[in-house]
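There are 2 protein chains.
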Amino acid sequence: MISFRNLGDDWDNPVVTDHGVRYFDDYLPGTSYDCGSVSVSEAEIISFARRFDPQPFHVDPGVAAGGPFGGLVASGWHTAALVMRQLVEHYPPEEASLGSPGLDEMRWPDPVRPGDTLRVRASVVEARRSLSKPDRGIMKTAVEAVNQHGRTVMRATAINFLRVRPELDASGA
Amino acid sequence: MISFRNLGDDWDNPVVTDHGVRYFDDYLPGTSYDCGSVSVSEAEIISFARRFDPQPFHVDPGVAAGGPFGGLVASGWHTAALVMRQLVEHYPPEEASLGSPGLDEMRWPDPVRPGDTLRVRASVVEARRSLSKPDRGIMKTAVEAVNQHGRTVMRATAINFLRVRPELDASGA
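Same order as they appear, the protein sequences are chains A and B.
Quick note: the first sequence uses this note's numbering, first residue 32, plus one each step.
Quick note: the second sequence uses this note's numbering, first residue 32, plus one each step.
Where hints are given, some of them may not hold.
To be verified - Sample of chain B residues facing chain A (criterion: CB under 10 Å; computed from the structure):
#1 Ala96
#2 Gly98
#3 Gly102
#4 Val119
#5 Leu129
#6 Leu134
#7 Arg159
#8 Leu162
#9 Ser163
Calculated directly from the structure, the hints in this document are not laboratory data.
Ideal Cβ positions, reconstructed from N, Cα and C, are used throughout, including at glycine.
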């Protein structure tokens, strides 16, 4: 059972909120999936950046205040990791996921600041069966995250390999 | 002073190993920068994935053994974060970095497995002064990471904003 609701003026596509077991065949281009929200604290921003992206505007609020963003902002990789968590919980289920070869056009239009809440949406833009591996399909997804002010903080086109529904897999795999 | 050394058959471009203060003007298309190496343990792979990408093949060695990669592999976002750390330490210095609007064509051709050592290289592919903001330039960089077997585990085209050398900045900023 798939349910839809309206996300309002900014995110006004039908959005799937039911997250049962799905396979490649269940993802239809044009369908958007609500992937929930996540908040991020200053401590988390600094902790992630100290480990992976220790630029002053990610780790030092004092220096960041006079830096290019006028304050501390999250590493774009931290934003991407937070968005990924939402996708794992709400988008391709583990029964079907065969990993990702990568993604295209990743952008961080607005920075993520301490206390921000990010809402994540995934929209299927393309889905085709693999010609070489009949047990799977290749799906392209427009991933978007907006903050509590409706500003886009990340977008990307993700590529994923997904299993086809077992009874439709003629490969015998 | 910029020094070069030869990385051998696979990575045979001249590679900059000196990492002093540099500005936009110092990055010349065609030049490659050695960004050092990083190793990753099973415990780190599982810890990162539990927090950000808890798919079975990233968090559970037992389940992963029968999964699509035949064993535990790092989240692509973990790989990206590890690569970012190398770039921060070896590529655009903090004096010049004005952040990044995003990146294109990110790919994870081969998986990263526990115990792997990744070698990171950054090659300038394009550099142009900003028309709207005279204090900066826009640089595109081919980022590559290879494992100890010479297999590429990540590549992407990164976009960065960098300050021009202060004495060349006619904006008075």
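Evaluated hints:
no., hint, in the structure
1, Ala96, "violated, 15 Å"
2, Gly98, "holds, 9 Å"
3, Gly102, "violated, 13 Å"
4, Val119, "holds, 6 Å"
5, Leu129, "holds, 5 Å"
6, Leu134, "holds, 5 Å"
7, Arg159, "violated, 19 Å"
8, Leu162, "violated, 18 Å"
9, Ser163, "violated, 15 Å"
Hints 1, 3, 7, 8 and 9 from the list above are not met by this structure, while the remaining hints are.
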